[in-house]
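Based on the sequences and whatever the hints tell you, model everything.
Residue numbers (the numbering used here), protein chains in the order written: chain H, 1 to 540; chain X, 1 to 176.
Since the hints were made in silico from the structure, they are not lab data. Think of the CB as a built atom: it goes at the ideal place given N, C-alpha and C, for glycine as much as any other residue. It is possible that some hints are incorrect.
Below, in silico cross-link-like pairs of lysine-lysine (DSSO-like), each with a Cα-Cα straight-line distance of 30 Å or less [to be verified]: (1) LYS264(H) <-> LYS294(H); (2) LYS17(X) <-> LYS382(H); (3) LYS75(H) <-> LYS67(X); (4) LYS67(X) <-> LYS382(H).
Stretch by stretch, here's where chain H covers chain X in the computed footprint (C-beta under 8 Å, at least three residues) [to be verified]: (5) 48–56; (6) 92–101; (7) 111–124; (8) 128–138; (9) 156–164.
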Amino acid sequence: MSDQLSADIVIIGSGICGAMAATHLLKQGASVLILEAGGPIDRGRVVAAFRNSTRKSDWMSPYTCSDIAPHPIYKPTDNGYLVQGGPYPYPAEYIRGVGGTTWHWAAQAWRLVPGDMRIKTLYNLGVDWPMSYEELDPFYQQAEEIWGVSGAENTGSPRSQPFPMEPVTEPYAMRRIRERLAPAFPVVGNTTARNSRAYDGRPACCGNNSCQPICPIDAQYHGGIAIQTAVDAGAQLQVNAVVYRIEHDDKGHIVAVHYFDADKQSHRVTGKTFILAANGIESPKLLLMSASDKYPNGLANSSGMVGRNLMDHPSTSLTFDADEELWLGRGPQSPSSINTMRDGEFRSEHAPYRLDFTNISRVNSATDALITAGVYGAEFEKQLRHRAAFEMSLKDVLEVLPNPENRISLSDQKDKLGLPKPKVNYAIDEYTRKGAARSHKDFARIAEMMGGTNLRYSAEGSFANNQHITGTMSMGIDPKTSVCDSYGRTHDHDNLFICSTGVMPTSATMNSTLTAAALTLRTAQHILPNRIIATEQGRG
Amino acid sequence: MNCLNELKKPTRRVLLKGLLTAYTASLIPFALAETVDTPEQGAFVALSAIIAGRQSLDPVLAGMLYKALVEQDPGFPQAAKELLALINQRQIDPMQLQKTLDDEKSSLASVPRKVAMAWFMGVVGSGAQARCLAYEHALNAQIVADVLKPPTYAYGAYGSWARNPTVELKKEVNNV
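The structure is reproduced here in structure tokens:
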């Protein structure tokens, strides 16, 4: 057993980033051991669990929460895992399990726009990234080809190579929205890791309209596919392995990680290079938990920035009845958006945003609303059909600026294994609120152009969360103000790398996973096993 | 099979019509000839028909929902009976039913929502005790089944969602 607990590369977390790094490094000849805190996730079981769920709008409900590695659960009751420190609630959702949180996503595969990476220079806000968009472009392309990304070239993100496949067929409802909003608002197809044709052994989309919480046919890429690829390539995967400490030597070199199994037996795993890929909340938690005499504030934390600068994408929304039948729910869930406010001089005044049109079936939410309103008898059928046909909804996806006060830290509460639960402090600043106010002008105009009636804005001052956890282990040039360099290598530990959305120093307006995946591939290339092994031999 | 007729071994069957007044019978003329095992079950079936507003209800699903409702709340059969009696007596319109009970702070106010949740969403009970007994056969899926599939069920071949559903609906009507 002991000789199995060692590898050239030890990766903490089996999600999409950890798994993609593993596959890349395995192909270079390294041995890879992946430690996953949660248990296995099976697609068929998740589909069945969703169909049997009593809360169809709660997309976490089909996923099992591990006893020993809990994730935040809010319904039917809050499990209290993510301790809220205020002032604004941050009800993050993520999955601790094999394959991680992208089991449960809309497969939005967006690139940033170049300006997103230079907002300090361009708008005197936030920070610049320690690399250019051009440097990231080839890694975006690699990630898109692994995932099978479909899209069109009119979304504002430059590219030097074509998309791997054509855009997914536009649902009728989105076509009508696009036609009616033109030319005032250009509605474009979203770039998604969703197959518009058979790709890499997976079928084309057949419109199950359950992208979240689960695609029943794997027509969209996700971490479950990524980890299967890594295992097939030779990765060792240890499940129910809850890493609770990263161990260093007297020079700050990482030598081992320690994990508890389901019986709270402790195991020590050695390696040459370590990759932390346990998401933007669990990863900083582990760095902070690994504090030692030499590093009393936690590992990789000489800057004090571990866990800080937490960002996401808050959203407000407008729901209304269009003046024609649209019947949302046919085709994929999130097909179209308006991208014109992603970047521009206005960014010095307020947050940029993307406007996203949902194509999620209205049936479940309308049923809930009608029962709540006590609509019974023949009228129920009439009103349900009306809502399912005419109702539409859009939301803004807003940028949050890095702010060290928004942070993940260790709470004084413990989980079942006696490990600290994470605590979050979060606030939404004027920059983001002004962006929301600006987007509401678009909301109103769009409703007018769609002949909208029965307008229902989300509650004033209330923001929904999009689960795009960024910033908590930000990359940067200066070790005094950032946690890792542009390759994800921690400034303080030469053989500890981070692959996560948490390394993104700004949040921009787009779903963060593709950028994290591109950064991961860049990190994995930088780690090239030969270089690491040679370094190890030199050191030894 | 878990059907209504097997919930208890009946000695005599009850005709649903016998539980209704002329007013409630007028709401659910289609259900009058149905038989049930007990007046309590009959009250549930009658309430179901009134609240769901449908021309017919699946008797097998009715049996499963009733059994689950009774398991969740042993007082449910009596409450259902009392609510039906109230509707019979006061001739309450289905659209006014919930508001009337809420306004009067009636002890029966939770009953219509339980029945509605059961039939429209296939869910019985609430919170951690909730159970799902139907999904694709729940009425909210059935009501729109000519246009939409319940999420997780394939809509159709790749790209089929580009078609205008209202044109398809009109074609169906014309073909009848």
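Are any of the numbered hints broken by this structure? If so, which, sorted upward?
none
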